[in-house]
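Engineer: Sequence:
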Amino acid sequence: MKWRKKQKLENEIIYFDNAASTYVYDEVIDYVNLINKDFYANSSSSHFLGISSYAKFKAHKETLCDILHIKPSSLIFTSGGAESNNFALKGIAFANYLKNSNIVISAYEHPTIRNTAKYLEKFGFEIRICPLKNDSNLDIDILKTMIDEKTILLSTAHVCSELGTLTDIQKISSLVKSINPRCYYHVDAVQSFGKFHINLSDLNNIDMMSFSSHKIHGPKGVGALYIKPKTNIDPFICGSVDAGLRAGTINLSGICGFTKASEIIYSNIEKKYEHTKKLNQYLIDNLTALDIELKINTPLESSPYIINIAFKDIKSEVLLNALSKRNICVSSGSACASKSKVSETLKAMNLSKDYIEGAIRLSFSDKNTIKEIDIFIQNLKELIPKLKLFVRR
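Everything in the sequence shown is counted per this note's numbering, starting at 1 for the first residue and increasing by one.
All the pointers check out, no bait thrown in.
DEER-style ranges, computed between Cβ atoms:
| no. | residue 1 | residue 2 | range |
| --- | --- | --- | --- |
| 1 | Ile51 | Asp141 | 49 to 57 Å |
| 2 | Tyr23 | Phe390 | 28 to 36 Å |
| 3 | Ile29 | Thr369 | 16 to 24 Å |
| 4 | Lys388 | Pro229 | 50 to 58 Å |
| 5 | Phe123 | Asp313 | 39 to 47 Å |
| 6 | Lys381 | Glu274 | 25 to 33 Å |
| 7 | Asp313 | Lys71 | 50 to 58 Å |
| 8 | Pro181 | Glu293 | 42 to 50 Å |
| 9 | Glu274 | Tyr23 | 16 to 24 Å |
| 10 | Asn100 | Lys271 | 46 to 54 Å |
| 11 | Leu34 | Asp285 | 38 to 46 Å |
| 12 | Thr249 | Glu62 | 14 to 22 Å |
| 13 | Lys118 | Phe390 | 33 to 41 Å |
| 14 | Asp148 | Lys367 | 42 to 50 Å |
Within a straight-line C-alpha distance of at most 20 Å, the following computed EDC-like cross-link-like pairs (lysine to aspartate or glutamate) qualify:
| no. | residue 1 | residue 2 |
| --- | --- | --- |
| 15 | Lys312 | Glu293 |
| 16 | Lys278 | Asp374 |
| 17 | Lys325 | Glu12 |
Quick caveat, the hints were computed from the structure, so don't treat them as lab data.
Every residue gets a Cβ at the ideal spot worked out from N, C-alpha and C, and that includes glycine.
Using the sequences plus the hints, can you model the full thing?
Structural biologist: Shown next as structure tokens:
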């Protein structure tokens with residue numbers, strides 16, 4: 001009886017935290033189980049089972065590379081987006097160190113970029129952070145002044161994980177190469193892969209790009225880093241696999257699940273995008289109609305999959321807990337930074353503290369519905385007036 005009640009409760013859950021992690025496609029779960037059952041041998045082994053595992057790995061790597069329009073030799077599999085971002089920054093920094101060299105990142109980077117950059121300061125690298133305009137977009141005019149002949153790396157997110165801001169990576173890649181052709185450009189595409197078409201053969205000024213499986217309905221614990229041929233980068237884990245750049249036994253089932261999820265999501269990416277766009281606009285229309293003091297921090301030109309809302313004089317953790325008790329799952333920002341007291345990204349937008357402390361993020365998948373948004377809006381109407389009474393001024 002308890003099991004049945006639990007199942008009923010789970011069926012009523014509203015999940016608006018897909019930028020943190022997504023449900024895994026049923027086809028992917030079945031396929032990962034099949035790979036674990038039938039292809040358990042180490043793909044580096046020379047016996048027939050190892051050869052069979054390697055053939056499976058090679059085929060799936062080629063499939064994923066076809067989606068990205070790159071050669072298989074330029075893709076390294078990792079344990080996820082965090083490792084890919086660390087690999088890109090540390091690998092370039094240590095391989096290309098020059099006296100007084102600097103690294104430029106944006107003010108809306110994921111903590112795995114921001115904190116890795118901070119770590120590199122210990123080794124003498126100057127870290128420059130490009131500010132945001134009040135609409136959350138990068139200040140390109142200031143970015144131009146930050147890149148110079150000593151800049152070895154620029155790293156920006158394609159889609160900001162906290163706000164959904166969409167970066168014009170084509171424009172920025174051309175800009176950085178026009179100022180300093182030797183400067184490498186890394187793009188964190190963890191929140192854009194599977195939502196937008198990414199053709200790296202057309203983005204020839206981009207040197208590295210990070211991806212993650214569990215953001216696109218694939219298994220956790222697997223991601224990838226694109227490294228453009230001839231990029232001067234140090235190994236992340238020394239060994240013999242992947243040209244000596246990232247050693248370790250290949251996570252075959254994870255890679256196969258990642259590839260399967262990529263195939264599924266790109267088979268109807270336009271339909272998913274249009275569905276999400278309608279959800280996003282419906283939410284905005286209903287939010288603006290509320291008699292509640294709030295700000296929508298996500299700019300007009302953004303990914304429809306993410307929207308950031310700030311409520312005046314409300315503590316986000318209090319609102320999150322209240323919504324969670326009603327089986328509505330949202331977050332206060334990037335999952336890797338949600339326990340931080342103040343959002344660095346919102347501070348960079350010059351948002352006032354009475355709004356920053358009440359910021360929450362909703363992020364969508366194809367399973368979300370208009371009805372779920374209606375329920376969310378109704379709960380806001382009920383909760384916000386009550387929660388305001390408990391705010392300490």
